[in-house]
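Number of protein chains: 4
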Amino acid sequence: MGLINHVFNADSLKKLYVSNLGIGHTRYSTSGISELQNCQPFVVETLHGKIAVAHNGELTNAVRLRRKLMRHGVGLSTSSDSELITQLLAFTPPLENDDTADWVARIKNLMNETPTSYSLLIMHKDIIYAVRDPYGNRPLCIGRLIPVGDMNGKGKDNSETEGWVVSSESCSFLSIGAEYYREVLPGEIVKISRYDVQTLDVVPRPEGDPSAFCIFEYVYFARPDSIFEGQMVYSVRRRCGQQLAIEAPVEADLVSTVPESATPAALGYAQKCGLPYVEVLCKNRYVGRTFIQPNMRLRQLGVAKKFGVLSDNFKGKRVVIIDDSIVRGNTISPIIKLLRESGAKEVSSFLVCTVQI
Amino acid sequence: MGLINHVFNADSLKKLYVSNLGIGHTRYSTSGISELQNCQPFVVETLHGKIAVAHNGELTNAVRLRRKLMRHGVGLSTSSDSELITQLLAFTPPLENDDTADWVARIKNLMNETPTSYSLLIMHKDIIYAVRDPYGNRPLCIGRLIPVGDMNGKGKDNSETEGWVVSSESCSFLSIGAEYYREVLPGEIVKISRYDVQTLDVVPRPEGDPSAFCIFEYVYFARPDSIFEGQMVYSVRRRCGQQLAIEAPVEADLVSTVPESATPAALGYAQKCGLPYVEVLCKNRYVGRTFIQPNMRLRQLGVAKKFGVLSDNFKGKRVVIIDDSIVRGNTISPIIKLLRESGAKEVSSFLVCTVQI
Amino acid sequence: MGLINHVFNADSLKKLYVSNLGIGHTRYSTSGISELQNCQPFVVETLHGKIAVAHNGELTNAVRLRRKLMRHGVGLSTSSDSELITQLLAFTPPLENDDTADWVARIKNLMNETPTSYSLLIMHKDIIYAVRDPYGNRPLCIGRLIPVGDMNGKGKDNSETEGWVVSSESCSFLSIGAEYYREVLPGEIVKISRYDVQTLDVVPRPEGDPSAFCIFEYVYFARPDSIFEGQMVYSVRRRCGQQLAIEAPVEADLVSTVPESATPAALGYAQKCGLPYVEVLCKNRYVGRTFIQPNMRLRQLGVAKKFGVLSDNFKGKRVVIIDDSIVRGNTISPIIKLLRESGAKEVSSFLVCTVQI
Amino acid sequence: MGLINHVFNADSLKKLYVSNLGIGHTRYSTSGISELQNCQPFVVETLHGKIAVAHNGELTNAVRLRRKLMRHGVGLSTSSDSELITQLLAFTPPLENDDTADWVARIKNLMNETPTSYSLLIMHKDIIYAVRDPYGNRPLCIGRLIPVGDMNGKGKDNSETEGWVVSSESCSFLSIGAEYYREVLPGEIVKISRYDVQTLDVVPRPEGDPSAFCIFEYVYFARPDSIFEGQMVYSVRRRCGQQLAIEAPVEADLVSTVPESATPAALGYAQKCGLPYVEVLCKNRYVGRTFIQPNMRLRQLGVAKKFGVLSDNFKGKRVVIIDDSIVRGNTISPIIKLLRESGAKEVSSFLVCTVQI
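Residue numbers (our numbering), protein chains in the order written: chain Z, 1 to 357; chain V, 1 to 357; chain S, 1 to 357; chain F, 1 to 357.
In case anyone wonders, no lab produced these hints; they're calculated from the structure. Be aware that one or more of the hints could be misleading.
EDC-like mimics (lysine to aspartate or glutamate), calculated; alpha carbons at most 20 angstroms apart, straight line [unchecked claim]:
{"hint": "1", "chain 1": "Z", "residue 1": "K306", "chain 2": "S", "residue 2": "E260"}
{"hint": "2", "chain 1": "S", "residue 1": "K283", "chain 2": "Z", "residue 2": "E179"}
{"hint": "3", "chain 1": "V", "residue 1": "K306", "chain 2": "F", "residue 2": "E179"}
{"hint": "4", "chain 1": "F", "residue 1": "K272", "chain 2": "V", "residue 2": "D253"}
{"hint": "5", "chain 1": "V", "residue 1": "K315", "chain 2": "F", "residue 2": "E179"}
{"hint": "6", "chain 1": "S", "residue 1": "K305", "chain 2": "S", "residue 2": "D323"}
{"hint": "7", "chain 1": "Z", "residue 1": "K306", "chain 2": "S", "residue 2": "E179"}
{"hint": "8", "chain 1": "F", "residue 1": "K337", "chain 2": "V", "residue 2": "E179"}
{"hint": "9", "chain 1": "V", "residue 1": "K305", "chain 2": "F", "residue 2": "E179"}
{"hint": "10", "chain 1": "S", "residue 1": "K315", "chain 2": "Z", "residue 2": "E179"}
{"hint": "11", "chain 1": "S", "residue 1": "K305", "chain 2": "Z", "residue 2": "E179"}
{"hint": "12", "chain 1": "V", "residue 1": "K283", "chain 2": "F", "residue 2": "E217"}
{"hint": "13", "chain 1": "S", "residue 1": "K68", "chain 2": "F", "residue 2": "E45"}
{"hint": "14", "chain 1": "F", "residue 1": "K306", "chain 2": "V", "residue 2": "E260"}
Same shape as in the complex, but just chain Z (with noise of 0.2 angstroms):
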């Protein structure tokens, strides 16, 4: 339980050197019950050994799924999907000897009992398979580790890998020295050993059912320099500021962002305008836990708590302000009484509903 930085230092990363294998898994827990139990990955004693499963996203039929584990009897200790999944694949019974189409008949047959949406991990023994689901909900991409050699841009044509690596976003790989590969696509089951990435099966989707990327991945989840469907985050981001542009064109002083999701949106909104782009918020980075609320104070503060106000960067001008999305909706009516009360002469407010153009 914690932050990374906190979890993994010195020690604990010493102990994990033995090996030329692993997955690890971090969350933002988007139901509140962040439990040491739903802390993945989940590793389970099968009848063909231990598999740990890490898994991006939320079954759309977990609670008949559930049910139907437990009519078989198997007891489920915790509220995640992902022991769903785990206890899925121990479940299923083994439909060949062979241990390698085993597990991919496994999969399958995951696939087949719930449609969406998941990218999985899953390990056993010396193999790591690689899942998306076959609407393609949660991103999950390849990448290569160049020899440290090659690095420093000596020798980029040697071809040699050093390892493979997967991540939900592209971003993290040139942390770490890696470089994008490819995307797993959507219903594809890729089996990576130590050297070798190999495509076991691509499961189609119902036909006629289109692929079901999540919006919310360029809206304000995923980095800006990462790369999906073969386009970087931040340009798509920028592009819907552009058609905003020409869509619903302002007459003002100046274009601003909400930081830092709908900052390229703002960018290409003012750009494509002609208006001057102009910081007016500044965000506050240690406001974190909403637990420290303890009287009526810090509950009228409100939006106060998470922006400090540039004012004289627009003290007496016309405003237009982009938000990256409109979710619960308490957010841009405070930012915009904020502003005016600041000194703002007049405020108009966007909301990128980022669509893929």
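Fit chains V, S and F to the known structure of chain Z by using the hints.
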């Protein structure tokens, strides 16, 4: 993880006061694997709701059961026998529709799958089932919580009961204001609700099989004021010492003990022989962990780390020293050497192999 | 020890609500020694009661002062300048009998012993003294807590004050519902009681000496919405960028920033030159500790661990990149290399040496 | 903070192996304030280098000394007597130029300022000074580390010494392979270097004043195998029981003890009277903290939480029960009540007020 006094402080206890029902578990890890995952009670969700299971014992057919469960498709997440029991209870197909009957059937089914050894507490909704395996290998007994007003001896005839408690050892009852009520019998399934204790069934052993109560409970596991099979542990230990004096008298100056579990036997031996009981060793309470053995010096110290020597008490004397049992046999011989080096003229040692008498 | 959000949770905050007066301290350990002992405030008992001292700054004559105190017989238990200040305050012989006058005399005596650098909060009984050294090296400012009912803009003319707050940076006031009141002046000793803020004295610098406000507060320490010397930090940074454009214009396709402290300067430069402002790097927020450098691979990565590259934004372009300052000089050159390797046609870099303009 | 076994694990011990000199301290907080700040040894930097001080005792003139130090301008950061001693050692003006003489002069000066009670270890560079106050209130003794090869009785005549150890109680020596060498005398200043133990001075008490060794060391502080003033603690306790039997014989059936510090006296009493020694109580080892007293039930339990009752051993009998001392007087009376309620026919109790005999 940790000592009860560290884990359950005022804050963590306060959270438990919302309820009038609960089970807990503390263990001295015999297998050396002391992991958070193996902490009890095991809680799983089943088709009929959550169950929590606390288990004392070791399954004799654990390997076969693990395989059986895994063959059925249950992934096991720990190395613990207790998880096996919990999954077996979840797994057993429901036999009847009535909910109560259901759990009794499941518990009997469990007894059928694994005859020994376990004492169990199973919590389900507002019921706790207390179960001992048919061989009665591990102890389990029931206590009655005395209403507060009655505790100081006034109104002892008051037959009201404030609640029920179940424990491996009866000695714990006194400490919380409860009194010993009775043992759970070998094979017995007891249902405990708020005000009621009810025997649901007593599953018999295979014909001809004797009961198999763990002899080491008498020898050194149990606290001497605990009651098993109607007799106080202390009395059993003392009678063993007396019997030893009959079977193996020694000409000596004094009788002593390896503190502390052998003390009742030593006192019994001394009394029967008419020899004075004298203390020759005192325990070093602060020797705990074995990991602090960083150099040859400490490794060589051996038994001297564990005991202080009261040499004034036995210099020039012939000493009979009683220990409770012989397990690895690496304690008594260094003790004899230590006593001789510290001035004993002669040392006779006895290992009391307690038997039920 | 740890982040504020971890240390001050609901429980630990509750314990503080018994009082209406307090001082706290948080620091980024510049000297690398981050020990519990050095945590502030320092609390010592003196002849006139307990004092608690929080200190921002570094004493220029610390070595001499340590020796002086030790020669006088004071044993020092930490390596911290702040302990020196606390002991100097305890040590100074009382000059008058009146208690208030006494502490002012002690503070003035301290200023005499060590002219710079320190901003101090000294708590004694129900008084807090806010003190800035005569050179004004570190910032310190006072905020006014606005009554809750007035916070949402209604009744802004209400002149009531609910309390006073003091901070290194004014940006913190907005987050707790306070408003900027004024700076503590260089050499000023301010006495703060529950409802009153009173200047007790302003100790002058030696004649001819200029003030010496730390330039790095403007450059990168401070949050851009903080106010120093009557001007918003953001505005100072932007004006520096504009001035740079006047003094050193470049023929290029776009202007960018090393995020984030250089962004105002980059926007100022871009605007003055009439070049587009474009983002080329994004920060890797999860790179923190440097201890995770276990192998050659990660050591070689260098700057690539810290930044993601938005290559789509600058491929084939001539880039002007603005950084806030040059300290060790080991950041900008790998960034230039990274940009060139990622497709920039030309990279010109500027390090804004902010000066007060 | 915490038990030695938790704080000093394999990792933390490894860091200490770089050195051949060290002092440590463990304490049972008598004043109830158990804070990290009060942990010893106290380390301060003085004009002549760092000193570390470990202290056992309580200063009789602490209040006056605190005031004296504070009047001199030393701010005190803890409520601990040990900080007073450390600051007094730092504070005393150096009397001579020679460094060794200097510390002896400082220690003698300290003895002048505060006559009792303290046993001290003072570490400075490669020297440890062992000091006992002139009244000899707290114990301190020296042990000789026996070379490893000699520990098993071979070559006992080997007069080589591997090092020296100093401890409050001699019982600790056996556990680390050292043997008792001698006590530090009241008022003695012993200088210990790597291979040498040297008396620097023995400061006398004021004429006519008797020594004042703490009687409770004999009564219950010390482990029974420790040696004070040339006699084993166990023997003193037993002789007290024998003397009690002479002065106050009782007609009874058995003699017992409140475990465990009264056991030697009970055995002595029983032997002298010719009555059998029988155990009637057993200690509940798991009762530690008093904070777990959340409701009336547990508060009413009182002594029953601390002891189990071995009722089989004394039902219908006349019991003499020996306790070690009477401090608050709130233990023996509930014990008598507990024994009577559990079936004792008569209970006579004695509190052994140990005196030096």
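Each hint, compared with the structure:
Restraint check for K306/Z and E260/S: the C-alpha separation of about 17 angstroms stays at or below 20 angstroms, so the hint holds. For the suggested pair K283/S and E179/Z, the alpha carbons sit about 18 angstroms apart, so the restraint of at most 20 angstroms is met. Proposed proximity of K306/V and E179/F is supported: the alpha carbons are some 16 angstroms apart, at most 20 angstroms. Of the supplied pair hints, the one linking K272/F and D253/V holds, its CA atoms being roughly 17 angstroms apart against a limit of 20 angstroms.
For a cut-off of 20 angstroms, the pair hint linking K315/V to E179/F stands: about 18 angstroms separates their Cα positions. The straight-line distance between the Cα atoms of K305/S and D323/S is roughly 18 angstroms, inside the 20 angstroms bound, and the hint therefore holds. With a C-alpha separation of about 16 angstroms, the suggested pairing of K306/Z with E179/S holds against the 20 angstroms cut-off. Between K337/F and E179/V the alpha-carbon distance is near 17 angstroms, which keeps this suggested pair within the 20 angstroms criterion.
With a C-alpha separation of about 13 angstroms, the suggested pair K305/V and E179/F falls inside the 20 angstroms cut-off, and the hint holds. Taking the CA atoms of K315/S and E179/Z, the gap is about 18 angstroms. The hint holds against a cut of 20 angstroms. With a C-alpha separation of about 13 angstroms, the suggested pair K305/S and E179/Z falls inside the 20 angstroms cut-off, and the hint holds. Proposed proximity of K283/V and E217/F is supported: the alpha carbons are some 18 angstroms apart, at most 20 angstroms.
Taking the CA atoms of K68/S and E45/F, the gap is about 12 angstroms. The hint holds against a cut of 20 angstroms. Between K306/F and E260/V, the direct Cα distance comes to roughly 17 angstroms. Compliance with the 20 angstroms bound is thereby established for this hinted pair.
Of the hints listed earlier, there is not a single one the structure fails to meet.
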